[in-house]
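Visitor: Residue-level listing of the chains:
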Amino acid sequence: MRILVVDDDANMRGLLSNILRKWDHDVRLATNGQEALDLIKQDDINFVITDWLMPVMDGPTLCKQIRLSDSSGYVYIVLLTSLNEKSAVIEGMRAGADDFVSKCFNQEELHQRIRAGQRILKLQQELEERNRKLERANDTIENDLKVASAFQRRLLPGQSSAILGVTFESVFLPSSHVGGDTFNFFQLDEHNVGFYLLDVSGHGVASALYSASLSGVISPCPLGESPLRSPVPESPHYRIVEPAEVLADLNRTYQSDCEIDQYFTMVYGIVDLRDDSIRFCQAAHPSPILLTPGKHAQLLGDGGFPVGLIPEAEYTQVEASFHIGDRLIVHSDGVTECLNSRDEQFTEKRLVGLIEKNRDKSSLELLSVVWTGMESWTGRVDFDDDISMIAIERTD
Amino acid sequence: MTRQEDVLIATLLDKRLDAELASDLRNTMLSHIDKGEHNIVLNIAHVDFIDSTGLGAIVACRKALGQEGRIVITGTRRPVMTMFKLTRMDKVFQMLDSDEEAMQVLARS
Chain Z
3 MRILVVDDDA NMRGLLSNIL RKWDHDVRLA TNGQEALDLI KQDDINFVIT DWLMPVMDGP
63 TLCKQIRLSD SSGYVYIVLL TSLNEKSAVI EGMRAGADDF VSKCFNQEEL HQRIRAGQRI
123 LKLQQELEER NRKLERANDT IENDLKVASA FQRRLLPGQS SAILGVTFES VFLPSSHVGG
183 DTFNFFQLDE HNVGFYLLDV SGHGVASALY SASLSGVISP CPLGESPLRS PVPESPHYRI
243 VEPAEVLADL NRTYQSDCEI DQYFTMVYGI VDLRDDSIRF CQAAHPSPIL LTPGKHAQLL
303 GDGGFPVGLI PEAEYTQVEA SFHIGDRLIV HSDGVTECLN SRDEQFTEKR LVGLIEKNRD
363 KSSLELLSVV WTGMESWTGR VDFDDDISMI AIERTD
Chain D
139 MTRQEDVLIA TLLDKRLDAE LASDLRNTML SHIDKGEHNI VLNIAHVDFI DSTGLGAIVA
199 CRKALGQEGR IVITGTRRPV MTMFKLTRMD KVFQMLDSDE EAMQVLARS
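Chains as they are written, first to last, in our numbering: chain Z, 3 to 398; chain D, 139 to 247.
Only chain Z is shown next, with the shape it has when bound in the complex (with noise of 0.2 Å):
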């Protein structure tokens, strides 16, 4: 081991750099502080042997000067002292000394105190090591996760998008980078208007895959089969599937077992421009709150099995009239379950007041007052849980 040896007197200096070099460390020597210094920052010095008085720079101002450099590793410092009194111990240590040692050294003691050093040395090195590790480990995560984030954002539609007669707003915020939340909406057919917000069980990395792979096969996806619309012999050759059998063929297809126990909630509708109707499957999922011009904002549906946990699950739908005009806003859990300081929810109801209060503004704006309502509850901009929201519009 490389271990630097300071102190004024040359005869000390000697006996010690002999004695070290018996037990094979490399030595090397300064006079006072002001040279230890600058010895360690250009030989990469860890372990320092320093005499107490010295001229120019004192033992004691050396250990304080060291400790507060930012020399890379730990440098493990033994104080020389012929002050055999307490007060001088406390004040070395106070100075920043990890040992001391009597001028009159029993070279056996000597020996174990160095090799108590270096005990301590190793340790720190290898925790230094592990740290290093774990710092590459975590940026290769944290990089992983704001790509994973960027391409989970592509996937879900703009933010504002029109499909014929339906305008679709929408918010997303996954809690750690990337979510279990998703959502789309797309055009079944030339009278039809497919939406859906879903969110799989915990959030993460897990929860995101699961989501990301669940709005690849929740499409209408014209060529291939979808569970949106079904072949049939006559013209025109498809039907559109109903809400409530889509969410019970998604819930015979995703299963969880031992290996993945997630699920989802969800809601699923279809906004028909014939009859002026919006229907819908509700799978454990909040309540939407529909918006009708000169009605009070209500609540519709009241819960239904979620998808993926139980096999025999049977699945319902809710019919509402759907005319220009009128809004359905669908969200996550995340909007309501956030907590305050006190650690109350946002509840549900607080979420329909502040609709119902900002029911003239437009559907963007009002998704915007309900975030900001949320950011003003928690006091955070951040929240633990992902939170989405859309809003369905019927424009013409």
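Because the hints were derived from the structure by calculation, they are not lab data. This one's a predicted model, so the numbers in the text were calculated from it and none came from an experiment. Do not rely on the hints blindly, as some may be mistaken.
[To be verified] Here are a few chain D residues that sit away from chain Z, every Cβ distance over 10 Å (derived from the structure): (1) THR140; (2) THR149; (3) SER169; (4) GLN205; (5) ARG208.
[Unchecked claim] With a straight-line Cα cutoff of 25 Å, these simulated BS3-like cross-link-like pairs (lysine-lysine) come out: (6) LYS351/Z / LYS223/D; (7) LYS173/D / LYS201/D; (8) LYS88/Z / LYS66/Z; (9) LYS124/Z / LYS66/Z; (10) LYS351/Z / LYS153/D; (11) LYS43/Z / LYS124/Z.
[To be verified] Label-pair ranges, simulated between beta-carbon atoms: (12) THR140/D / GLY160/Z: 50 to 60 Å; (13) ASP162/D / HIS239/Z: 49 to 59 Å; (14) ASP172/D / ALA139/Z: 27 to 37 Å.
Note that CB positions come from ideal geometry on N, CA and C, so glycine has one too.
The hints should help you fit chain D onto chain Z, whose structure is shown.
Guide: The following block gives chain D in isolation, referenced to the frame of chain Z:
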């Protein structure tokens, strides 16, 4: 966790049954079921919030018990009951007020 005759009574002491607790609950219960427990009373009287992972853990116990076993949930508080109703789990699980009632029901079967 106590045992009366052939019924295992598990009482959750935490207030929030969320992702932090769910995997612990799942693993503990599954290891008991593996060891042959088949009548379980899960007392959630202390719980005032349950999320999707918590619900998933309870359903995992039901799945592990299979046809032979039975699980009864007791002491469900109102906000938690709302979650059970929203997800229709109140139809899947037998839900009773007290452990005594649950013991009687399990003894009759």
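Visitor: Give a verdict on every hint.
Guide: Hint by hint, here is what the structure shows:
no.: 1; hint: THR140; result: holds (27 Å)
no.: 2; hint: THR149; result: holds (22 Å)
no.: 3; hint: SER169; result: holds (13 Å)
no.: 4; hint: GLN205; result: holds (13 Å)
no.: 5; hint: ARG208; result: holds (16 Å)
no.: 6; hint: LYS351/Z / LYS223/D; result: holds (17 Å)
no.: 7; hint: LYS173/D / LYS201/D; result: holds (15 Å)
no.: 8; hint: LYS88/Z / LYS66/Z; result: holds (19 Å)
no.: 9; hint: LYS124/Z / LYS66/Z; result: holds (22 Å)
no.: 10; hint: LYS351/Z / LYS153/D; result: holds (22 Å)
no.: 11; hint: LYS43/Z / LYS124/Z; result: holds (20 Å)
no.: 12; hint: THR140/D / GLY160/Z: 50 to 60 Å; result: holds (56 Å)
no.: 13; hint: ASP162/D / HIS239/Z: 49 to 59 Å; result: holds (52 Å)
no.: 14; hint: ASP172/D / ALA139/Z: 27 to 37 Å; result: holds (33 Å)
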